[in-house]
Amino acid sequence: MLDYFLIQSANGIVIGVIYALIATGLTIIFALLKIVNFAHGELYMMGGYFGYYVITLAGVPPLPAVVAAMAISFAFAVAIERGLLTPLYSPGMERKSDYGILITFGLAVFLRNIAIIIFGPFPLRPPSFFDGDLVLGGLIISYDRLVAAGGGLLILVLLIFFLNRTVWGQALNAVSQSRESASIVGINSERMYMFAFGLGGALAGGAGALVAPIYSLSPSMGLVPDTQAFVIVILGGLGSVSGSIIAGILLGLSENLFIAFLPDPNRGPSYANAFGLFIMMLVLLFRPTGIFGRHHAAME
Amino acid sequence: MAAAHQSGAPSLSARDLVAGYLPGIEILHGVSVDVLPYEVRAVLGPNGTGKSTLLKVLYGFLKPGAGEIKSGSRVLTGAAPHEMGGYGIVYLPQRPSVFPFLSVEVNLRLGAWRLRSRHGLVREKIERAFAQFPALYEKRHQSAGTLSGGQQRQLEFARSLLLDPNVYLIDEPTASIEPRIATQIYELIQGLAQQGKAILLVDQNIKGALGIADYVYVMRTGSLYTEGKRAEFGEDVELLVSQWLYTHHAPKPS
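Just so you know, the protein sequences line up as chains S and G, in that order. When you line the first sequence up against this note's numbering, it's residues 1 to 300, in that order. When you line the second sequence up against this note's numbering, it's residues 1001 to 1254, in that order.
Hints in this document: simulated from the structure, not taken from any laboratory. For each residue, glycine too, the CB sits at the ideal point set by N, CA and C. Hints may be right or wrong, so weigh each one.
Quick partial rundown of chain S residues pointing at chain G, CB under 7 Å, derived from the structure [what the hints assert, rightly or not]:
#, residue
1, P127
2, S128
3, V167
4, Q170
5, S181
6, V185
Bound-form chain S, shown alone (with noise of 0.2 Å):
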């Protein structure tokens, strides 16, 4: 029984951490953008074909190809920005958060079936990172799924010593709160939201990548991490990246327990996602601004 418990906890912590490279993507896109990018599971997706392709057509090894994946997402992601989301920048445009929300869901739909045609509707697995299982007295785990937590939590890592230690992570923080006193000092906005959004989408698109050993790639894969990184985003407080990082891991890892220790073993994967819910319900409940959440979104 604390075996069961030890592997579940574990399995839970990896997909927490994976949940939280997206959330914590979705969050600066939120915090500088002021959209929510419904196609981020999208970007998630897409990442994983992207290091699936490097490895299988350029034959890289699957850990710089998780590199190579975020690279390829960060492009993507810059090249979605330019071509479809400029006009939430122009100051005379009505309605932005109605704009961001038709042309991302938009292109969540044309990404997922276009995966389909390019693609293809089979399940894909790219190689294994390291073949094998960590045995720990009655710990046992998949390398895959380790390299999978560790990986993520050192792009994590980078990701908060960036944001607060570089002045390109301060500006991106300063333009979150307030874009007319950040051009003030003479930070150009739109750019900051370009490398926002690539930003966001090479933290989805490495999640994407890290996970495909383990789950296998499909072109919907994107759905149910998306549903939770909002749950996610919302609990942790909107904007606030250590609270989708705390949030993250923390509804990946009580989400896999519940599943476990549900009764009826065959229902539990379907009210996992019912289960984040009802967490976020009652946080929300007493904690309005979610767990680490200020009055106003901004980034932080």
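Let chain S serve as the given structure and place chain G on it in line with the hints.
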């Protein structure tokens, strides 16, 4: 007032600016102003006459429908706000433009964004700013949002001085600030003019602004009503101004 230093050539000049936020609704109907080094020029007028809009147009936040903005021989009409610092122009809006959730030190660091690749120089400039504003040094690790209104203004001035600009566009620097601190802020502005900065000050605090102004523009419903050297208006200028502004058929001064 620093009349001894008059240099003559404007640091920033605008001719016949026409502007508005929505198509068909014009706020400025052709306004011309000059901002000169060693001078504080005050723009006075009632609420809603377009004083703040004038500053926004000058700084590039709002593109003028017609007219021209020049700095020396360089045409700035249509330049973006984030480029203005590069031309030596600073804008201080009515609500302090500090970043409330970033520390005082990071706020200063971002003020030197243009110099971001030169770490040593930035550090040196920030140290100099702290030496000039010791109250900020004591609070350097606090979020700027926790500072008082007066200290936020100080932080803005300290931040703007990092790049040694030559033109200040200032919008109601003492709105909602206690009178004792307001006096200090006006002294600070006057000090900047004495160092040779060109200052355009938009203000509702007529008394405060006239206390340091060298030249006065009076606006009424989107155009200049009158303008002239502060001394030409005589001693009772406050009364005069309020007469122009708040009576409908005031005689226009010749």
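Item to complete: Quick one: which hint numbers does this structure break? Sort them smallest to largest.
Response: 1, 2
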